[in-house]
Amino acid sequence: METTSIAHAEAPVEVHHHEPQSFWTKYVFSQDHKVIAMQYMITALVMGFIGMVMSWIFRIQLAWPEHNLPFLRFLMPTNMESGTLQTPGYYMLVTMHGTIMIFFLLTAILTGGFGNFLIPLQVGARDMAFPFLNMLSYWFYFLSCVVITASLFVTTGAASAGWTSYPPLSAIAKATPGSGLGQDLWLISIALFIVASTMGSLNYVTTALNMRAKGMTLMRMPLTVWGIIVAAMLGLFAFPALFAGAVLLLLDRHLGTSFFLPYLVVGGEHIVRNDGSPLLWQHLFWFLGHPEVYILILPAMGITSEILSNGARKPIFGYKVMVGSIAAIGFLSFIVWGHHMFVSGMNPWLGFAFVITTLIIAIPSAIKTFNWLGTLWKGNIRFTTPMLFAIGFISTFVTGGLTGLFLGNSALDIPLHDTYFVVAHFHVVMGLSSVFGIFGGIYYWFPKMTGRMMNELWGKVHFWLTFVGSYGVFWTMHYLGFMGMPRRYYSYESYQFLPPDMHVLQVIITVSALIVGAAQFIFIVNFIGSWLRGKKAPDNPWQATTLEWQAPTPPPHGNWGPTLPVVHRWPYDYSVPGASADFVPQTVPVEVEPTGEHHRVAVAVNGHAHGHPHTNGSGNGHHS
Amino acid sequence: MNSSTRQALWYALFILIFTAIATYTVANKTWWFPPLASVQGAEIDRLFMITLVITGIVFIAVHIVLAYFIWRYRSRPDAKAAYITHNTRFEVSAAATVALALVILVGGGTTLWTKIQSPPPEDAFTVEVWAEQFRWTFHYPGADGRMGNVDVRFISDENPYGLDPNDPYAKDDIFTTEMHVPYGAPIAVILRSKDVLHSFFLPHFRMKMDVVPGMKTRMWFTPTQAGTFEIPCTELCGVGHYIMRGVLTVESPEQFNEWIRQQTPVAMSQ
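If you're matching them up, the sequences are chains W and X in order.
For the first sequence, my numbering gives the first residue as 1031, with consecutive numbering after it.
For the second sequence, my numbering gives the first residue as -9, with consecutive numbering after it.
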């Protein structure tokens, strides 16, 4: 790659001069991508934990309606007065569960957490392109978390118009309790989140495109980096639509505008507006909302590809096609949003076009699946905890992807839309799959992040409870969808068309959800316990090929010591014929015959002492 | 049995058991759609079954292959993985197979969608619907046989359904809390909302359409069964969303005429 080299000579010097010393600049207002990654990751996991607890409470309501749970009064004093979850509280929990999981857990941890940690380390940079912006990104995210959490405590309750916040329900305070101050805070929080995400995404894309180590061509980047930067680009192009939507909805709420509101009569009161359209919000929302699900799945796909290749000790199958598929899915994700609106009242002929674009996504998705299977084929599979999650990802992605072929086909969507079939579909394909990517990624990179190994035995217990329990929850939900159970129902007892034996399924789902929830405590204990007193991690515990494993553990500020690594080969040289070890790191020159001492070779190439022609003392190896 | 073999065995077994349970309960229709009651629903169900067979084959095949690979290629001390980077012919033919299956699904889907979304037949029986938090109201023409105009702007305590005071056809219109339609004709439904979004769902007829304030939305279908069916709301509309339940009765034209005769026109009740 041809790039210019301007004023980089002083870069490493600057890095060393600016090594933060005080507690505040080192751990709190840090500009180091690894610290920011951990900040993002831990904040997101805390938010995810809150979102999970919310799901238990409404799942209990669905399995044992109006069951008395006095202890929950401590958590939700206003919505659990008599010890049973009341309707406004139920809708608040459902709304906040979706919002928190999608934005504050999954988006934040995949781009802010993994993106921050992996991009500089995997492309061989010292840090992000704009470290200050990176720090700001985290603090805006933190602020958005504070605002959304605070909204749980306002007297009218948090937003309760669903995570999609469709107006007029979300626009008129009188329409539902959560559409008071809670909805304002929801919109403000989302706007702050979008600011954070934009600052982060600018960094991820810029860093990957401009700050790669010498030899790290685009087609030598690990698939994780590809997945994350395409996701970041989707965020940059799609989030502004929701930002605009949020601002317009605030105007509709407070300044009497009519972007989304026609003339209404709510509870007998006339609300005089001009001819705004509630469908406009849906278009703006889903213009972000659909790319958003790919923002969650593409990085998880990248992580999974990385782990599968490493665990199978075999090159990823069809690397170029994998990159092409990521790009194709990213592009297509912008022209399919209307499949959320087949029965919304949108012109039906538009539905026609969206069916075609939506189903085309099945092609790159299927190719990726075949390539993951192809990666396992003739491999030498090690069943480490990350590998268990990566294999689980293949299963959940296929299961959830296939049900998309029902919902993406408008005629079939008519009976299934807004039933539990949809809830099942998106939880399996985007919830479980990206969560499996995240867990796999945490177990895999934890040693590099913290310098310690996570406990394998408890990791495996965590995996099995999560995997089996999650299918117990979400596979079962498909049946509720067939039976026609609508989503967002507080109870279903007044409907005769829902057969009484459906109750059995509701109980299976809730019990499974509680088991999966309990399993996450194992993860939390393992995470914290291993960080404090886990086994010391070697530099390259998984015998992996990519650059981050060539950095010291945990990597110091500036990542690479005095000289930047130089890349000589693609990231998936596992089981190369003739090589004595079954992996060859990217830093090993092709002309150097790998011996049993491969690791030392790699370090030597990396090291200053050997004075490799490509690495000069300035450490300025951005360019190739 | 070493650790790798044990792990592989459990993993492969779980995947096979899960696949078997999933396949059995779906093929057996253990938990299934409500009984079918419309012509359009029959066509939707047919396309559903075609899609189910195609996706089912992929689901089963991928999981069996996955289980087999997990078992067959589990790590062994002296084994080494093959160095295979890609296989263009395999990838092209896999993509082509998927594309072919998609042609069937898109072809079937768009054809059926066109049919369902085309205007209702001339002889369709029309019912208008008002949706509001948290009930459905059904609007029929009076003795003059013409439906009067309604608009949310006309709504008042005296005129709860927003009938146009200047429309002569509106004088004798009938509003009911239950929906009745005569059996034998296609049924066209025109949907309006006073306040927020709702969605008019007929599970037995496989029909659904959102109700959007500020615009009229439509659906039509042809019942194949007489009987009483429920109408759940399927778009979150507030705290009473889950109890926004309507009832549709499909009955013989004689029964329908008798029923509509007993309803009081709104203008007379004022």
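FYI, nobody ran anything at the bench for these hints, they're computed from the structure.
In this text the structure is predicted, and so the values were computed from the model without any measurement.
A portion of the hints provided could be inaccurate.
Below, in silico cross-link-like pairs of lysine to any residue (SDA-like), each with a Cα-Cα straight-line distance of 25 angstroms or less [unchecked claim]:
1. K1204/W with M205/X
2. K1490/W with Y58/X
3. K1565/W with L1075/W
4. K1490/W with K1204/W
5. K19/X with K1204/W
From chain X, some residues computed to sit far from chain W (all C-beta separations above 10 angstroms) [said to hold, decoys possible]:
6. E33
7. H76
8. G98
9. D113
10. F115
11. R125
12. D134
13. G174
14. P203
15. E241
16. Q245
17. Q253
Here a beta-carbon is modelled for each residue, glycine too, at the ideal position from N, C-alpha and C.
Taking the hints in turn, this is what the structure says about them:
The hinted pair formed by K1204/W and M205/X meets the criterion: a straight-line CA distance of about 21 angstroms does not exceed 25 angstroms. Our distance criterion of 25 angstroms between C-alpha atoms is met by K1490/W and Y58/X, whose separation comes to about 21 angstroms. About 23 angstroms separates the Cα atoms of K1565/W and L1075/W, which keeps this hinted pair within 25 angstroms; it holds. Proposed proximity of K1490/W and K1204/W is contradicted: the alpha carbons are some 49 angstroms apart, above 25 angstroms.
With a C-alpha separation of about 43 angstroms, the suggested pairing of K19/X with K1204/W is violated against the 25 angstroms cut-off. At the 10 angstroms boundary, the C-beta of E33/X falls inside the reach of chain W, the nearest C-beta of that chain being 8 angstroms off. Distance check on H76/X: its Cβ comes as close as 4 angstroms (rounded) to a Cβ of chain W, failing to clear the 10 angstroms threshold; non-interface status is violated. Non-interface status of G98/X relative to chain W is broken: a Cβ of that chain comes within 10 angstroms, the nearest being about 8 angstroms off.
With a least CB separation of 22 angstroms from chain W, D113/X remains clear of the 10 angstroms interface cut-off, as annotated. Remark: the non-interface label on F115/X is consistent with the geometry, its nearest Cβ contact in chain W lying 21 angstroms away (cut-off 10 angstroms). Distance check on R125/X: its Cβ is at least 12 angstroms (rounded) from any Cβ of chain W, clearing the 10 angstroms threshold; non-interface status holds. Every CB of chain W is more than 10 angstroms from the CB of D134/X (nearest about 27 angstroms), matching its label as outside the interface.
No Cβ of chain W comes within 10 angstroms of the Cβ of G174/X; the nearest lies about 23 angstroms off, and the non-interface call holds. Chain W draws P203/X into its interface by the beta-carbon criterion, the shortest separation being 5 angstroms against a cut-off of 10 angstroms. Look at E241/X: its CB is around 18 angstroms from the nearest CB on chain W, clear of 10 angstroms, so calling it non-interface holds up. Non-interface status of Q245/X relative to chain W is upheld: no Cβ of that chain comes within 10 angstroms, the nearest being about 21 angstroms off.
Once the 10 angstroms rule is applied to beta carbons, Q253/X is consistent with being away from chain W; the minimum gap is 24 angstroms.
The structure does not agree with the numbered hints 4, 5, 6, 7, 8 and 14 stated previously, though it agrees with the rest.
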